[in-house]
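> Letter by letter, the chains look like this.
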Amino acid sequence: MSDEVKSAEAADSAEVESPSLYDRWNAVREREITVAVLTVVGVFLAPFVLVEVPEMIGIRTQYIWYRSLVTLALIWGIFAIGYDLLLGFTGLLSFGHAIFWGTAAYAAGIFSAEVSGSPIAMLLVGTTVAVLLAWVIGWISLRRGGIYFAILTLAFGQMIYYIFLSPLGWLTGGENGFNSVAVDPLLGFLPLGAEVAVVPDALIGTWMYVFVGIATILAVVVGNRVLNSPYGVVLRAIRENEQRAEFVGLNVWRYKLMAFIVSGAFAGVAGSLYVIQRSFVPIENTLSWTVSGEIVIMTVLGGVGSLFGPLLGAGLYMYVANIVSGMSGIGDFWHMILGLVFVAVVVLLPEGLWGGLSWIRERVAGALGGDDR
Amino acid sequence: MSTILETDGLVKEFGGLTATDDVNLSIEQGELLSLIGPNGAGKSTLINLITRMLEETEGDIRFEGESITDLEPHEVVQRGIGKSFQTASIFPELSVEENANIASLGAEHGAFRFNFLVHRDSYPEVEQRTLDTLEAVGLRDQRDTRAADLPYGDKRRLEIGIALASEPSLLLMDEPTAGMSPEETQSTVELIKDLQEELDLTILLVEHDMEIVFSISDRIAVLNRGSIIAEGTPDEVQGDPSVQEAYLGGVEL
Numbered sequence: 585m586s587d588e589v590k591s592a593e594a595a596d597s598a599e600v601e602s603p604s605l606y607d608r609w610n611a612v613r614e615r616e617i618t619v620a621v622l623t624v625v626g627v628f629l630a631p632f633v634l635v636e637v638p639e640m641i642g643i644r645t646q647y648i649w650y651r652s653l654v655t656l657a658l659i660w661g662i663f664a665i666g667y668d669l670l671l672g673f674t675g676l677l678s679f680g681h682a683i684f685w686g687t688a689a690y691a692a693g694i695f696s697a698e699v700s701g702s703p704i705a706m707l708l709v710g711t712t713v714a715v716l717l718a719w720v721i722g723w724i725s726l727r728r729g730g731i732y733f734a735i736l737t738l739a740f741g742q743m744i745y746y747i748f749l750s751p752l753g754w755l756t757g758g759e760n761g762f763n764s765v766a767v768d769p770l771l772g773f774l775p776l777g778a779e780v781a782v783v784p785d786a787l788i789g790t791w792m793y794v795f796v797g798i799a800t801i802l803a804v805v806v807g808n809r810v811l812n813s814p815y816g817v818v819l820r821a822i823r824e825n826e827q828r829a830e831f832v833g834l835n836v837w838r839y840k841l842m843a844f845i846v847s848g849a850f851a852g853v854a855g856s857l858y859v860i861q862r863s864f865v866p867i868e869n870t871l872s873w874t875v876s877g878e879i880v881i882m883t884v885l886g887g888v889g890s891l892f893g894p895l896l897g898a899g900l901y902m903y904v905a906n907i908v909s910g911m912s913g914i915g916d917f918w919h920m921i922l923g924l925v926f927v928a929v930v931v932l933l934p935e936g937l938w939g940g941l942s943w944i945r946e947r948v949a950g951a952l953g954g955d956d957r
Numbered sequence: 006m007s008t009i010l011e012t013d014g015l016v017k018e019f020g021g022l023t024a025t026d027d028v029n030l031s032i033e034q035g036e037l038l039s040l041i042g043p044n045g046a047g048k049s050t051l052i053n054l055i056t057r058m059l060e061e062t063e064g065d066i067r068f069e070g071e072s073i074t075d076l077e078p079h080e081v082v083q084r085g086i087g088k089s090f091q092t093a094s095i096f097p098e099l100s101v102e103e104n105a106n107i108a109s110l111g112a113e114h115g116a117f118r119f120n121f122l123v124h125r126d127s128y129p130e131v132e133q134r135t136l137d138t139l140e141a142v143g144l145r146d147q148r149d150t151r152a153a154d155l156p157y158g159d160k161r162r163l164e165i166g167i168a169l170a171s172e173p174s175l176l177l178m179d180e181p182t183a184g185m186s187p188e189e190t191q192s193t194v195e196l197i198k199d200l201q202e203e204l205d206l207t208i209l210l211v212e213h214d215m216e217i218v219f220s221i222s223d224r225i226a227v228l229n230r231g232s233i234i235a236e237g238t239p240d241e242v243q244g245d246p247s248v249q250e251a252y253l254g255g256v257e258l
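Quick mapping for you: the protein sequence lines, in order, are chains A and B. Residues are numbered in this note's numbering as their position in the first sequence, beginning at 1, plus a constant of 584. Residues are numbered in this note's numbering as their position in the second sequence, beginning at 1, plus a constant of 5.
Derived from the structure by calculation, the hints contain no laboratory data. Mixed in with the good hints, there may be bad ones.
Covered stretches of chain B, as calculated for chain A (at least 3 residues, CB under 8 Å) [as the list claims (entries may be wrong)]:
(1) 99 to 107
(2) 111 to 125
(3) 163 to 174
So, partial list: chain A residues that the calculated Cβ filter (under 7 Å) puts toward chain B [stated by the list, open to error]:
(4) R809
(5) S813
(6) P814
(7) Y815
Note that the Cβ used here is the ideal one computed from N, Cα and C, for glycine as well.
This is chain A alone, in the form it adopts within the complex (with noise of 0.2 Å):
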């Protein structure tokens, strides 16, 4: 009987408390530890429903993901996460972050083969060299605005292409590539290479996921972290009113600049990752400007402006340019439907992928009862 009293009891604070399951989940879903676990939840589960779930009910496997696409899909994203900080937030259009994924790429690849091939090691010189560029390149390129920064960052990252691939040819393998990256296992006993043993590897799979997952994990919270940081709220001023911002007493142009190397650090994590996983540094898919354009279109699809948007980016572009490339009678067209996707994203959903889940998840809410805006 007692319990039947308390289970009441407990049944009407709870009322008191949460008005709706709705408003609970709306107060609980921007704190930091929340974006933090859905994230981890979503790495985790990522493989499991991209890979496997459509395989158990049957789909032709030439039309589903692999696992390392996976993979390449989370080191883009965090490309992307990076990039939004500069476009989204800062409002600052660069063409070339392919400098900062690119070197990074080649830092950490020369280093594996001439020091060092521990992970680890390969991304803290990957990044740091991208930090160090992005520092020197947004310092000059950050004196002009709109478009005159979008053309110099372009033109910078044209000169770097082609030191790398002539003058400095000797030592980054000009147009052939880097090919002795030489990648050690993980913490010097994980290959990365090699299933995941404690799990049932239908989930994760290989170290390699494990090691690129929990670098995206990292990437949100960081990304996260900045939003709510000072730092947040001053780039969007700088996005939304420049000048208002330089008078309420506000150095813009260092803040311009901090935002600039805080995504270049992120081009850089992502550069260094991709030459782990693929253990060759490509010239055309790391220093050539069309990287610097993939990455506006992925973080303009998934939705600029968002935390999640530009994951989401990452992946549609991923599963066009590798899933639907090889597609029979379509494969040959896949940048035309690229491009029609591009155009159907910016025309129905000006703030992408990321903006109608949004709209839907509001729809959902009223249909339910919610109180949402």
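Got chain A sorted already, so can you dock chain B onto it with the hints?
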């Protein structure tokens, strides 16, 4: 009374045009000085020189006794010169509270801080100033509203709030009532008066509405073709024949 800001032989030339012509203006601590003059008289140029948006051709500007001509605009703000813009210059896509928050960050943290990994919750002093700012301009209840969705009068009040968050010793107000309805104008004028009394603020006001200018100014300076042609109390300026000429006749194309 002491002089808070003075310009010394200030000249600004754009090509062949002299927009500011040997201006010697001084503003005393605590006063409300209005700057008036016909269109094209050089009022905005003078304001932009003081805020360092423009580089002077000749002359010096001293704030609290020190030259500010080598400073960047944000450094001038950090020294204590605030500016309210001609059009409501706010951050439209951000909430009212975030607007005030940015201004509070500039005031509490200075021009730059390396704190991109520190959560905003770690700075209660910034939050407090944000609330105070919203309170001061009466927008606390609208704090979650997107700034772009505010009525025009409220946008102007928010803008003034942003300019005041840093507690400047001198506030430059560029046509604070431009585009406002008579009621909004009236409440803004009241706000300016209150601010001046409560915060012991010195104000340099640029305004077209002569009724407002003559009712709230301590002193008025009249600018025509880049130079000051009259300066004094509202009564003195009103009776000055050169002012009448500048406004009513003798303006050649």
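> For the segment 99 to 107 of chain B, does the count of residues with a C-beta closer than 8 Å to a C-beta of chain A reach 3?
holds (count 4)
> Closer than 8 Å Cβ to Cβ for three or more residues is the test here. Does the segment 163 to 174 of chain B pass it with chain A?
Coverage by chain A holds here, the residue count being 4 at a Cβ distance below 8 Å.
> Count the residues of the segment 111 to 125 of chain B whose Cβ falls closer than 8 Å to any Cβ of chain A, and tell me whether that reaches three.
Since three or more residues must qualify, the claim that chain A covers the segment 111 to 125 of chain B holds, with 14 doing so at under 8 Å.
> Hey, does the A:S813 contact hint survive, CB to chain B under 7 Å?
Constraint on A:S813 satisfied, holds at 5 Å.
> Can you verify the interface hint for A:P814: is its Cβ closer than 7 Å to any Cβ in chain B?
With a minimum Cβ separation of about 5 Å from chain B (threshold 7 Å), the hint on A:P814 holds.
> Grab the minimum C-beta distance from A:R809 to chain B and call the hint holds if it beats 7 Å, violated otherwise.
A:R809 check passes; min Cβ-Cβ to chain B is 6 Å, inside 7 Å.
> Taking 7 Å as the limit, does the beta-carbon of A:Y815 come near enough to a beta-carbon in chain B?
4 Å, holds
Of the hints listed earlier, there is not a single one the structure fails to meet.
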